[in-house]
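Student: Going line by line, the protein sequences match chains A and B. By numbering that gives the first Met the number 0, the letter at position 8 of the first sequence is numbered 7, and the numbering carries on one by one without gaps. By numbering that gives the first Met the number 0, the letter at position 186 of the second sequence is numbered 185, and the numbering carries on one by one without gaps.
Because the hints were derived from the structure by calculation, they are not lab data. Even for Gly, the Cβ is constructed at its ideal location relative to N, Cα and C. One should not assume that every hint holds.
To be verified - Computed list of chain B residues with no C-beta within reach of chain A, every gap over 12 Å:
1. G129
2. L157
3. V165
4. D177
What the hints assert, rightly or not - Derived, one-sided and incomplete: chain A residues facing chain B with beta-carbon distance under 10 Å:
5. L50
6. A72
7. T83
8. L97
9. R103
10. Q133
11. N137
12. F147
13. R150
14. A151
15. V160
Said to hold, decoys possible - Pairwise CB distance ranges, derived in the manner of DEER restraints:
16. B:V277 / A:R8: 58 to 64 Å
17. B:A100 / A:G12: 29 to 35 Å
18. B:S257 / A:N68: 53 to 59 Å
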Amino acid sequence: MDPILELRRVTFGYGRTPVLQQIDLHLHPGQFACVVGPSGAGKTSLLRLALGVLQPNQGEILIAGRTLNGRPAPRVAYVPQVETIDWSFPVTVEQVALMGHVRRRSPWPWPDRKTRNAVRDVLERLQIGDLRKQHIRNLSGGQQQRVFLARALVARPDLLVLDEPTSGVDMQTAEKMLHMLLDLNYEGMTILMTTHDLNMAAAHVPWSICLNQRIIAQGKTTDIFTSEILTETYRGEMQVIRHDGQLLIHQKPHHHRLSDVVIDPVLGHETGAAENGEEEGTGDENEPAAYRTISV
Amino acid sequence: MSQLLIEPFQFEFFRNGVMAAVLAGALCGLIGVYIVLRGMSYIGHGLSHAIFGGAVVAYVMQWNFYLGAGLWGFIAALLINQTARKTEINADAAIGVITTASFAVGVALISRYRSFTRSFDAALFGNILGVTRADVWVIAGVCLMVAVAVFFAYRQLLFTTFDAEVARVYGIRTPWIDALFALLLAATLIAALQILGVTLIAAALVIPPITARLLSDSFNRIILLSTAMGAATGFIGIYLSYFIDVASGATIVLAQASLFVIVLTITALQKRAQRRLVHTHVG
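Take these sequences, add in the hints, and give me the full structure.
Tutor: Right, dumping it as structure tokens:
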């Protein structure tokens, strides 16, 4: 099977600053992959290259076997980071979703009944059907993410590209989002996304690409999420705990124990080391403990 | 009293002026929505100065005014768009550089050819006395062109205004849409120049859209409201201009600014009342 997305020896930089070097990447139809790496690793640049927004300095990018050559990628939909959206722009949920239909060849600017029904179906599926007349600013973080996912789905793409789709939302909302993406993937949609949440990637995304200006590793998430590979990717110590077939990426704690410095502001007493007399408070002894500075 | 109100309509120059002001106001209100939402409010101000430079060049070279100034404005708008999109320079800085340079060309030519007999006061501040029936037809033609273009390119213009980079990913040829927008903007400015003047045209492009934005969260409704407000204030402004003998550009902009202040006050009071209601319920 031919890859739906292929990057061959791609090198890219802004001016003389290299961002990505010698990237070789294949994504086959039906795959669900995520790109992980530290800030500045080139994750978003990689996505923008795949979308045809940026052009490589060297190398070649192919979508469904066709070289992009500076053209926008066909049959590809994109969900940008929510931080890049102008939330004061006067558009409703339905109007944003309808933007996904812009490739439709019709001289008339308004959507026909079939298009409206298709958009409503997508909004219902993403559980935001009753919000379609709402302004996008009035939605919660999770709902806002789903509006832009709806726009992408309305375009009926072969490849769905998402930049940090779970940033800025709580764990439950992020999990719901991932489940939606997994459902789409089970139906055959190819998905490529970036994320900073390694545990979420480990739990949900079957294929991962560890990136830090070059590809450190790519493969099954369970295979490549090892301490060695993640430490090399993030250039800092990363601990991976494997338990009962599951992965937990653990951050190395600071050399001071949290219990050494946490004080309970409600109960008004110190916990941990200070309470046990191991450390001394530097504040006034008559002052409530909650306001005292604990030297550690 | 009614005799006094209909008195100005017996003069052809006033009838021409009213038609031109209503059409120019509506036109600026419509195109202004895209300008404000693109974050390029300053472009009207800058581009009208650039067109002034083009108008002087057209005069010196003995070209047709509309053709010379229009082409000059179109090229300046394209340059601003491309500079803002493809370089690290912000839109406001690009507008500042390109349009003031173009204005400077006009000023340099005026000081070089001091034999000018033509007054550029009208171009600077607007004057209904100079509006001929031919000018009205030109403005009507531009109105029709802009309305048709905005209607048929509605989806593309909306998406490109909302997020140009993502619009490109979804298959919109954004450079073409930008070029179309530059053309529409240049044509609008040329058409409205005689009525509003170089110095006041920016306000006519910005005030109706921001007033409409205060009243609605719907893009379609903002387009309709802004166009209607532009037309209505064009009419009121030209009427006032006749009675108080002030430059038409100034009275139109003052009418728009007054409407803005009224709407701003009403919406602020409404929000305050809503907050108080919520507070009462919670309390």
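Student: Work down the list of hints and note, for each, if the structure agrees.
Tutor: Comparing the hints with the structure gives:
G129 (chain B), annotated as away from the interface, keeps every beta carbon of chain A farther than 12 Å; the closest lies near 37 Å. With a closest Cβ-Cβ approach of about 7 Å to chain A, L157 (chain B) is found to fall inside the 12 Å limit, against its non-interface label. Listed as outside the interface, V165 (chain B) is inconsistent with that label: its C-beta sits roughly 6 Å from the nearest C-beta of chain A, within the 12 Å cut-off. Chain A leaves D177 (chain B) outside its interface by the beta-carbon criterion, the shortest separation being 15 Å against a cut-off of 12 Å.
Look at L50 (chain A): its Cβ gets to within about 5 Å of chain B, closer than 10 Å, so that hint holds up. Checking A72 (chain A) against chain B: minimum C-beta separation of about 7 Å stays under 10 Å; hint holds. A hinted interface residue such as T83 (chain A) counts as satisfied when its beta carbon comes closer than 10 Å to some beta carbon of chain B; here the least separation is about 8 Å, so the hint holds. Hint status for L97 (chain A): holds, given a least beta-carbon distance of 8 Å to chain B, under 10 Å.
With a cut of 10 Å, the hint placing R103 (chain A) at the interface with chain B holds, because the nearest CB-to-CB distance is about 8 Å. The criterion of a C-beta within 10 Å of any C-beta in chain B is met by Q133 (chain A), whose closest approach is roughly 9 Å, and the hint holds. Taken as an interface hint, N137 (chain A) checks out: its beta carbon lies about 9 Å from the nearest beta carbon of chain B, inside 10 Å. At its closest, the beta carbon of F147 (chain A) sits 9 Å from a beta carbon of chain B; the interface hint therefore holds under the 10 Å criterion.
At a threshold of 10 Å, the smallest CB-CB gap from R150 (chain A) to chain B is about 8 Å, leaving the interface hint in force. The beta carbon of A151 (chain A) comes within 9 Å of a beta carbon in chain B, closer than 10 Å, and the hint placing it at the interface holds. A cut of 10 Å between beta carbons decides the hint on V160 (chain A): the least distance to chain B is about 8 Å, and the hint holds. Restraint check, V277 (chain B) to R8 (chain A): a C-beta distance of roughly 60 Å satisfies the suggested window 58 to 64 Å.
Range check, A100 (chain B) to G12 (chain A): Cβ separation about 32 Å, and the 29 to 35 Å hint holds. Between S257 (chain B) and N68 (chain A), the C-beta spacing of about 54 Å keeps the proposed range 53 to 59 Å intact.
Hint violations for this structure: numbers 2, 3, all remaining hints satisfied.
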